[in-house]
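Undergrad: Listed below, chain by chain, are the residues.
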Amino acid sequence: MGGHFGSDEHTASPVVGRALRLGIGGPVGSGKTALTAALCRSLRDELDLAVVTNDIYTTEDADFLRREAVLADDRITAVRTGACPHTAIRDDISANLDAVEELEARHPGLDLVIVESGGDNLTALFSRGLADRQIFVLDVAGGDDVPRKGGLGVAAADLLVINKTDLAEFVGSDLALMESDAARVRDGRPVILNSLRTDPAATGIAAWVRSVVPVAAP
Amino acid sequence: MAGTDAALLLLADSRLPAGGHAHSGGVEPAVAAGAVTDVADLTVFLRGRLATAGLVAAALAAAACAHAAGPADAFDALDAEADARTPSPAQRRAARAQGRSLLRAARATWAHPALDALAGTAPHHPVALGAATAAAGGGPGDAASIAAFTGVTGGASAAVRLLGLDPLAVNRAVAGLAADIDAVAARAADAARGPWAELPAASAPVLDLYAELHAGADLRLFES
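Chains as they are written, first to last, in the numbering used here: chain A, 1 to 218; chain B, 219 to 442.
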């Protein structure tokens with residue numbers, strides 16, 4: 001990685017008067033949808049929230065969230081990305097912005113809108129025009145050398161989640177190595193090890209989300 | 219003419235952040251139906267689409283651009299003409315989604331009374347494109363050219379992604395349609411000088427049916 005991300009912090013502070021927009025990105029199968037469902041369950045009683053999913057195929061992720069009944073149906077919207085999931089969160093955010101704004105119009109007073117990316121590669125990064133903050137999700141089964149290799153998502157996301165840690169012993173991934181490699185490329189930005197098997201509420205990640213959502217005006 | 223204004227080239231650029239990348243212009247359902255399998259099929263499909271939906275869109279864009287040059291006024295009547303020429307509800311939704319996105323991109327880029335007049339609405343894409351072309355300093359002929367051209371290039375790009383076609387061969391095929399695109403644009407700009415009710419209304423029933431089938435399909439990558 002030759003990139004310098006030190007000056008690339010999100011300076012666009014959450015806008016007062018609208019929901020915080022939280023992007024969740026990461027490779028296919030890293031557990032983005034399950035994490036989104038866990039965050040909805042953990043936060044829905046204290047935050048007014050909604051979700052936009054970006055699917056490569058069909059509306060599978062939105063259907064999963066509806067089946068799991070983590071939120072009311074009208075709080076979940078699916079966006080199609082024309083076979084280019086990274087384009088829809090980075091180069092041309094139109095469809096996602098439209099979806100977010102429709103949710104905001106339908107549910108005045110939303111605190112948080114989660115935009116879950118379609119599965120993508122390690123260079124995918126949410127545009128600041130779409131997400132105020134972003135989480136990048138890796139899983140241990142994807143290889144413990146991924147944090148060392150870096151990539152825009154790994155290095156620059158506001159929070160890196162190393163997911164499915166319960167699988168590490170079975171796939172031979174070195175969690176300590178992943179964590180230290182991640183810390184090195186991330187210049188101090190937070191990393192959370194997560195396993196929904198042992199912590200279905202995603203406690204640490206939910207706490208981080210609480211810390212970045214501005215307190216709603218009374 | 220010294221050349222095309224850079225501002226107008228922006229509107230014809232496939233990287234314009236106006237939502238076009240998620241729409242296939244009917245190519246995805248055509249691929250699903252087995253009607254488009256290679257570059258030769260694609261060329262035939264694009265030529266047919268250009269002569270029908272492409273001509274209608276180009277004429278509407280030219281009319282909107284001419285209208286935008288006058289005092290800022292409602293585009294409702296022209297938008298209704300677009301509705302009348304779009305029998306498929308799925309295509310209407312897709313056209314309005316793209317119009318809304320284009321309007322957002324145009325308003326973020328240029329200030330113009332016509333864009334203000336459309337603010338807060340989701341016009342048909344050609345209506346938004348005509349207003350955006352005026353805002354970028356272009357005339358009805360430019361709007362028709364951009365509409366006809368992007369209608370072809372959008373579908374071509376979708377085919378590359380859906381079928382893994384050789385992008386060089388597809389680019390050559392699009393270049394082979396250049397004279398047709400110019401002719402359609404000229405015809406559309408000419409028609410836009412007349413009353414809106416007389417604008418071209420070429421129909422492509424297969425495209426309408428494809429659009430409806432596509433909207434209900436389980437597996438699809440594109441919005442339309």
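The set of hints was computed from the structure by calculation and includes no laboratory data.
Keep in mind that a hint or two might mislead.
Partner residues aside, some chain A positions facing chain B, computed with beta carbon under 8 Å [claimed, not checked]:
id : residue
1  : S42
2  : R80
3  : H86
4  : D92
5  : I93
6  : A95
7  : A99
8  : G143
9  : F170
10 : D174
11 : A176
12 : S180
Take a look, some chain B residues computed to stay more than 10 Å from chain A by CB distance [as the list claims (entries may be wrong)]:
id : residue
13 : A224
14 : A302
15 : W414
16 : P418
17 : A420
18 : L431
Label pairs and their calculated CB-CB ranges [unchecked claim]:
id : chain 1 : residue 1 : chain 2 : residue 2 : range
19 : B       : G288      : A       : A105      : 25 to 33 Å
20 : B       : P289      : A       : A105      : 47 to 55 Å
21 : B       : T339      : A       : D91       : 23 to 31 Å
22 : B       : P331      : A       : D199      : 50 to 58 Å
Predicted, not measured: the structure shown is a model, and the values here were computed from it.
We put the beta carbon where it would ideally sit given N, CA and C, even for glycine.
Undergrad: I'd like to know which numbered hints this structure contradicts. Please list them from smallest to largest.
TA: 1, 3, 7, 8, 9, 10, 11, 12 and 20
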